[in-house]
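Protein chains: 2
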Amino acid sequence: MTDATYTCFPLFQRFQDAWKPFLPTIHSHRFDKHNYIINHGDPANHVWLIVTGWVSLLRHTPNGKQVTVGLCTNGDIFGKAALLTQASYPYTGEVLQNETEVIAIPAKTLRQLSQENAEFSNFLMETMNKRMDRVQLKLEQMSSLTAAQRLGCFLLQLCQQQGETSQVSMPIDKHVIASYLGMKPETLSRSFQQLKPLGIQVKQSTITVPDVGKLVEYVCGSCSESGLCDMESDAITAAKE
Amino acid sequence: MTDATYTCFPLFQRFQDAWKPFLPTIHSHRFDKHNYIINHGDPANHVWLIVTGWVSLLRHTPNGKQVTVGLCTNGDIFGKAALLTQASYPYTGEVLQNETEVIAIPAKTLRQLSQENAEFSNFLMETMNKRMDRVQLKLEQMSSLTAAQRLGCFLLQLCQQQGETSQVSMPIDKHVIASYLGMKPETLSRSFQQLKPLGIQVKQSTITVPDVGKLVEYVCGSCSESGLCDMESDAITAAKE
Chain A
0 MTDATYTCFP LFQRFQDAWK PFLPTIHSHR FDKHNYIINH GDPANHVWLI VTGWVSLLRH
60 TPNGKQVTVG LCTNGDIFGK AALLTQASYP YTGEVLQNET EVIAIPAKTL RQLSQENAEF
120 SNFLMETMNK RMDRVQLKLE QMSSLTAAQR LGCFLLQLCQ QQGETSQVSM PIDKHVIASY
180 LGMKPETLSR SFQQLKPLGI QVKQSTITVP DVGKLVEYVC GSCSESGLCD MESDAITAAK
240 E
Chain B
0 MTDATYTCFP LFQRFQDAWK PFLPTIHSHR FDKHNYIINH GDPANHVWLI VTGWVSLLRH
60 TPNGKQVTVG LCTNGDIFGK AALLTQASYP YTGEVLQNET EVIAIPAKTL RQLSQENAEF
120 SNFLMETMNK RMDRVQLKLE QMSSLTAAQR LGCFLLQLCQ QQGETSQVSM PIDKHVIASY
180 LGMKPETLSR SFQQLKPLGI QVKQSTITVP DVGKLVEYVC GSCSESGLCD MESDAITAAK
240 E
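So the sequences go chain by chain: A and B. Quick note on numbering: the first sequence equals residues 0 to 240 in numbering that gives the first Met the number 0. Quick note on numbering: the second sequence equals residues 0 to 240 in numbering that gives the first Met the number 0.
This is chain A alone, in the form it adopts within the complex (with noise of 0.2 Å):
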């Protein structure tokens, strides 16, 4: 890996001397939807950061029944087992967009790298702890929040994710989104429904949200992590501007 747009993603901004002597051990790939970049169970020999597209992470229940337990999109990192020794995918990847590109982060390569650096070893703990904060605040949204709220959480987080304060882009299945949330096709559908009084409105993989601050004060006063999360500053900095 060459090309220095790559050091726009935080895991190589911070340490690019550190990177230097390991960037010819990363490479750069494209898939198209509906291909699968790792399988549950496969041994997770690298991580994986998406440069731009999308990609859903699946598990499957014995009883046939199919669970997304991540959509992650540009600056997303999936795969993190590979960090640990002789672990294995915890789930599928699979594409959803044509012309995903996705870099592959050798395990071997972060680990060497977190064994030299301390500030690296440090800075993926961190890492990871947030996306335990992430997942467990998800959790405990199931119950402290509506079907329209966790969708509006989502909707904050794309908002966040691409800077953008008007209009997000979201080019995925209905019933994709549904899995992830948690809820029905239809309860998604009846929850767009209930976020028309805020002016969300959507117009294929385009949703407009004119009034983020609305957003914020419809979703965030329900949640236990008001106060200390970064998409609720977020929006509220970004509109005030």
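The set of hints was computed from the structure by calculation and includes no laboratory data. Computed from a predicted model, the values in this text were never measured in an experiment. Hints are supplied without guarantee of correctness; some may be wrong.
Identical chains blur together in the list; that is why a pair holds if it fits in one copy or across any two.
Straight-line Cα separation of at most 25 Å, DSS-like style, residue types lysine-lysine; simulated pairs [stated by the list, open to error]:
no.: 1; residue 1: Lys129; residue 2: Lys64
no.: 2; residue 1: Lys64; residue 2: Lys213
no.: 3; residue 1: Lys107; residue 2: Lys129
The hints should help you fit chain B onto chain A, whose structure is shown.
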């Protein structure tokens, strides 16, 4: 800390020599029901290990709802945020049972030990990852399992933790269990009713599980962790003994 009984916990077991110089920094405390061990937002200076008793991990929403994000008992660790520098506790820890005994391990001690001992550092990383997988699975189960199956999974977990196959002790108020399992108290009562055909009976704080194999069959066929789950395999092994 000098008591040899602590060495039965995995955190100390494999690293007894490495722990020796640090034992004077570790202290044990006893708390009664309704006491708070840690408060949400306080600086996270210690990691806590439960020797005996029960502790619930709580958060509050701005609109006054209380959410139980964790239920910890013998051998469980909480307050892992303390592993990161300048972190604060992401929840309040409330004692659920009189004479609950916990060990307070200074964050500084853990960080120092972790820097000196790469094997211990890996152990911590693995522990965090396992916890992460558990939370992720619990989130997924909110949509893949029914309420009664989620209760059944929790009972299997208690069977495993308490090393029992026929009777488990759960001296916790029903509304705390319901909150932890993300359901209403009336749904919990209905779920216990649904488990009756499997022979499961509740008498005060004791729950009889006469046939763990039947419970595994009822729960695990709907879970994507089936075939990889410790609780499932331990229960089957114990039932065969």
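Evaluation of the provided hints:
Proximity of lysine 129 to lysine 64 under the C-alpha cut-off of 25 Å is restricted to the inter-copy arrangement: shortest distance 23 Å between copies versus 29 Å within a copy. In the homo-oligomer, the alpha carbons of lysine 64 and lysine 213 lie at most 25 Å apart only across protomers (21 Å), although the nearest pairing inside one protomer, at 36 Å, exceeds that limit. In the homo-oligomer, the alpha carbons of lysine 107 and lysine 129 lie at most 25 Å apart both inside one protomer (23 Å) and across protomers (20 Å), since each shortest distance falls under that limit.
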